[in-house]
Amino acid sequence: MALTCPERSSVMASLDITYMRFYPEGVKFSHTIFRKRSHSGNLGESVYPKFTKESLCPDMCLTEYLKRTKEWRQKNDDKPRLFPSFKKPHKPVSLSTLSPWD
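In this note's numbering, the protein residues as written are 1 to 102.
One or more of the hints may lead you astray.
Straight-line Cα separation of at most 30 Å, DSSO-like style, residue types lysine-lysine; simulated pairs [unchecked claim]:
1. K87 <-> K67
2. K88 <-> K53
3. K53 <-> K67
4. K87 <-> K28
5. K28 <-> K50
6. K91 <-> K28
7. K70 <-> K87
8. K67 <-> K88
9. K28 <-> K70
10. K70 <-> K53
11. K67 <-> K50
12. K70 <-> K88
13. K28 <-> K88
DEER-style ranges, computed between Cβ atoms [what the hints assert, rightly or not]:
14. Y65 <-> L43: 31 to 39 Å
15. T97 <-> T63: 19 to 27 Å
16. Y19 <-> L56: 19 to 27 Å
What the hints contain is simulated information worked out from the structure, not anything from laboratory work. Remember, it's a predicted structure, so these values are computed and weren't measured experimentally. Ideal placement from N, C-alpha and C gives every residue a C-beta, glycine not left out.
Start from the sequences, fold in the hints, and give me the full structure.
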């Protein structure tokens with residue numbers, strides 16, 4: 001995902017699936033925090049385009065990832081982040097966990 005829509009680690013760590021929408025052209029996340037380069041009053045969005053090659057398509061990979069990690073997201077979680085931890089109790093990963101991926 002970071003390759004198709006380069007964002008800072010802080011934005012990637014804050015992606016909330018509540019504000020995720022699938023469209024024919026790809027996936028869009030509305031931001032819930034101000035980005036470092038955002039203008040006041042405009043949180044913006046991240047767009048991950050759909051590719052024709054399924055093995056590289058962020059849309060297809062994200063759909064599969066959500067299926068595989070569904071059980072890790074808690075039903076009463078008020079902020080269902082995109083990236084839960086692999087370790088129980090599967091809390092959202094921190095910025096320091098994602099930052100090496102930049």
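Results for each hint:
1. K87 <-> K67: With Cα atoms ~17 Å apart, K87 and K67 stay inside 30 Å; holds.
2. K88 <-> K53: violated, 34 Å
3. K53 <-> K67: Between K53 and K67 the Cα gap is close to 20 Å, so the pair holds against 30 Å.
4. K87 <-> K28: holds, 27 Å
5. K28 <-> K50: holds, 11 Å
6. K91 <-> K28: Distance of about 23 Å is within 30 Å: holds.
7. K70 <-> K87: Distance of about 14 Å is within 30 Å: holds.
8. K67 <-> K88: holds, 18 Å
9. K28 <-> K70: holds, 19 Å
10. K70 <-> K53: holds, 25 Å
11. K67 <-> K50: holds, 18 Å
12. K70 <-> K88: OK: K70 and K88 at ~14 Å, within 30 Å.
13. K28 <-> K88: holds, 28 Å
14. Y65 <-> L43: 31 to 39 Å: At 23 Å between Cβs, range violated.
15. T97 <-> T63: 19 to 27 Å: holds, 23 Å
16. Y19 <-> L56: 19 to 27 Å: Given about 24 Å between the Cβ atoms, the range holds.
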